[in-house]
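Participant: Single-letter residue listing:
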Amino acid sequence: MNDEEFAHSITATLNQATRELGTPVTSRLSEMRRHALAAGRDQHRNGHGVLVWTHDHPWITLIMAVCIGVAGWAGFQRQYTDNGEVDIQLLTDDLPPQAYADGDFATWLKSHGR
Amino acid sequence: MASHLEIDQFLAGVERRAFKHAMFALQDHHNALDVVQNAMLKLVERYAGKPAAELPLLFQRILQNCIHDHFRRAKVRDFWVRLVSPLQERDEENPETLETLSANLESQWAETPEQGASSHQHLAIIEAALIELPPRQREAFLLRYWEELDVAETAAVMGCSEGSVKTHCFRAVNALAARLKKKGITL
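The listed protein sequences correspond, in order, to chains A and B.
Residue 38 in the working numbering is what sits at position 38 of the first sequence, and the numbering runs on without skipping anything.
Every position in the second sequence, counted from 1, becomes a number in the working numbering once 1000 is added.
By construction, these hints were calculated from the structure, which means they are not laboratory data.
Idealized CB from N, CA, C, for every residue including glycine.
Mixed in with the good hints there might be a few duds.
So the derived list for chain A, only partly shown, Cβ under 10 Å to chain B, looks like this [stated by the list, open to error]: (1) Q16; (2) A17; (3) L21; (4) T26; (5) L37; (6) A39; (7) G40; (8) R41; (9) Q43; (10) M64; (11) V66; (12) D102; (13) K110; (14) S111.
Heads up, simulated SDA-like pairs for lysine to any residue below, C-alpha to C-alpha not over 20 Å straight-line [stated by the list, open to error]: (15) B:K1042 / A:G40; (16) B:K1183 / A:T54; (17) B:K1042 / A:T54; (18) B:K1181 / A:N2; (19) B:K1050 / A:A38; (20) B:K1050 / A:V70; (21) B:K1042 / A:H57; (22) B:K1182 / B:Q1121; (23) B:K1183 / B:A1152; (24) B:K1183 / A:G40; (25) B:K1166 / A:H8; (26) B:K1042 / B:G1013; (27) B:K1166 / A:D3; (28) B:K1182 / A:N2; (29) B:K1182 / A:D42; (30) B:K1166 / A:F6; (31) B:K1183 / A:S9; (32) B:K1182 / B:E1132; (33) B:K1042 / A:H55; (34) B:K1181 / A:A12; (35) B:K1181 / A:T11; (36) B:K1181 / A:H8; (37) B:K1166 / A:A39; (38) B:K1182 / A:D3; (39) B:K1050 / A:G40; (40) B:K1050 / A:A39.
When you get a sec, could you build the whole thing from the sequences and use the hints?
Facilitator: Below is the structure:
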């Protein structure tokens, strides 16, 4: 008997042992299988796919979070700089800043095409 | 993508062998069931989108990882328990080794005088011989010959080279043959 035949004789005996597993174990295994499949269905139905994906790919999730953070910070900085330039123009202009809040002044500008 | 029916049928076909795999490795009924349950959940929750043909290899890899994780957690837990437990000396007086476990398994059937006891004795001796194998040899033997994975697939599941798988299998077969010969069993 060569190695392969010997190994298959052993596994045939093991197969017999699995068929003779007690009812408590087999019913528990069936219950576990049903539970796992139900959990999979619930997950699919509840749309937890994104959460599972982020859990499975933590590095990609981290890199994406950092990229979003950097983009948001850069956008905020640009907006802050633009506001600063407007403030400087307002303060250095001859026209007082209160004039821009005056509704009548805006109407007068439109009517005179300025 | 595997349908729920395909996954159900696959798990139904593999669950008993998976339980025995875990039992050989862990030697604890409840832990073995826990490990199989974790493996089933992980397969369904994370890999349900894979084709049905890939399920056997994926499941075996998940199962082996779950068994290894169990040992890792037990090792960490034992470290802290031993560090703080005053019962350390008492535990060391009665170590439950693989030899005692396999001897118990053999004696469980050795005392049965009924008809058919012989085959049960053979089974008990074979299972005891498997338990006594080094873990990597047992893992390689069971994956290669019981799960009928080829050498490359077994290597992928075990995370080692194909040469290592062949070596583990060769040694496992020789060790099993020697053990069974010593017990007077011919297959």
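Participant: Hint by hint, say whether it matches the structure.
Facilitator: Hint check results:
For A:Q16, the shortest C-beta to C-beta distance to chain B is roughly 7 Å, which falls under 10 Å, so the interface hint holds. Taking 10 Å as the C-beta contact cut-off toward chain B, the hint placing A:A17 at the interface holds, the least distance being around 5 Å. Annotation: A:L21 was flagged as interfacial toward chain B, and the flag holds, the nearest CB pair being 6 Å apart, inside 10 Å. Nearest Cβ of chain B to the Cβ of A:T26: about 7 Å, under the 10 Å cut. The hint holds.
With a least beta-carbon distance of about 6 Å to chain B, the hint placing A:L37 at the interface is held under the 10 Å criterion. Because the closest C-beta pair between A:A39 and chain B is about 6 Å apart, less than 10 Å, the hint holds. Below 10 Å, beta-carbon pairs count as interface contacts, and A:G40 has one with chain B at about 4 Å; its hint therefore holds. Satisfaction of the interface hint for A:R41 is found here, the shortest Cβ-Cβ separation to chain B being roughly 7 Å, below the 10 Å cut-off.
Here the hint on A:Q43 is kept, as its CB sits about 6 Å from the closest CB of chain B, short of 10 Å. The closest approach between the C-beta of A:M64 and any C-beta of chain B is roughly 20 Å, which is over the 10 Å cut-off, so the hint fails. With a least beta-carbon distance of about 25 Å to chain B, the hint placing A:V66 at the interface is violated under the 10 Å criterion. About 63 Å separates the beta-carbon of A:D102 from the nearest beta-carbon of chain B, more than 10 Å, and the hint is not met.
At a threshold of 10 Å, the smallest CB-CB gap from A:K110 to chain B is about 61 Å, leaving the interface hint violated. The interface hint given for A:S111 is violated, since its Cβ lies 66 Å from the closest Cβ of chain B, which is over the 10 Å cut-off. About 9 Å separates the Cα atoms of B:K1042 and A:G40, which keeps this hinted pair within 20 Å; it holds. The suggested pairing of B:K1183 with A:T54 is violated, with an alpha-carbon distance near 53 Å, which exceeds 20 Å.
As the CA atoms of B:K1042 and A:T54 are separated by approximately 15 Å, the hinted pair is consistent with the 20 Å bound. Taking the CA atoms of B:K1181 and A:N2, the gap is about 15 Å. The hint holds against a cut of 20 Å. Using a Cα cut-off of 20 Å, the hinted pair B:K1050 and A:A38 holds, with the two alpha carbons roughly 18 Å apart. For the proposed pair B:K1050 and A:V70, the alpha carbon gap of about 35 Å is over 20 Å, so the pair is violated.
Among the hinted pairs, B:K1042 with A:H57 is consistent with the structure: their alpha-carbon atoms are about 15 Å apart, no more than 20 Å. Annotation: proposed proximity of B:K1182 to B:Q1121 holds, straight-line Cα distance about 14 Å (limit 20 Å). For the proposed pair B:K1183 and B:A1152, the alpha carbon gap of about 33 Å is over 20 Å, so the pair is violated. With a C-alpha separation of about 47 Å, the suggested pairing of B:K1183 with A:G40 is violated against the 20 Å cut-off.
For the hint linking B:K1166 to A:H8, the alpha-carbon distance of about 16 Å falls within 20 Å, and the restraint holds. Distance check on the hinted pair: B:K1042 and B:G1013 sit about 17 Å apart at the alpha-carbon level, within 20 Å; holds. Between B:K1166 and A:D3, the direct Cα distance comes to roughly 12 Å. Compliance with the 20 Å bound is thereby established for this hinted pair. Among the hinted pairs, B:K1182 with A:N2 is consistent with the structure: their alpha-carbon atoms are about 18 Å apart, no more than 20 Å.
Taking the CA atoms of B:K1182 and A:D42, the gap is near 53 Å; set against the 20 Å cutoff, the hint is violated. Note on B:K1166 and A:F6: the hinted pairing holds, with a Cα-Cα distance of about 15 Å set against a maximum of 20 Å. Using a Cα cut-off of 20 Å, the hinted pair B:K1183 and A:S9 holds, with the two alpha carbons roughly 16 Å apart. The suggested pairing of B:K1182 with B:E1132 holds, with an alpha-carbon distance near 14 Å, which does not exceed 20 Å.
Straight-line distance between C-alpha atoms of B:K1042 and A:H55 comes to about 12 Å, which keeps the hinted pair within the 20 Å bound. For the hint pairing B:K1181 with A:A12, the CA-to-CA distance comes to about 18 Å; that is within 20 Å, so the pair holds. Straight-line distance between C-alpha atoms of B:K1181 and A:T11 comes to about 17 Å, which keeps the hinted pair within the 20 Å bound. With a C-alpha separation of about 17 Å, the suggested pairing of B:K1181 with A:H8 holds against the 20 Å cut-off.
Between B:K1166 and A:A39 the alpha-carbon distance is near 38 Å, which puts this suggested pair outside the 20 Å criterion. Distance check on the hinted pair: B:K1182 and A:D3 sit about 17 Å apart at the alpha-carbon level, within 20 Å; holds. Simply put, B:K1050 and A:G40 have alpha-carbon atoms about 13 Å apart, close enough for the 20 Å limit, and the pair holds. Using a Cα cut-off of 20 Å, the hinted pair B:K1050 and A:A39 holds, with the two alpha carbons roughly 17 Å apart.
Violated hints for the displayed structure, listed by number in ascending order: 10, 11, 12, 13, 14, 16, 20, 23, 24, 29 and 37.
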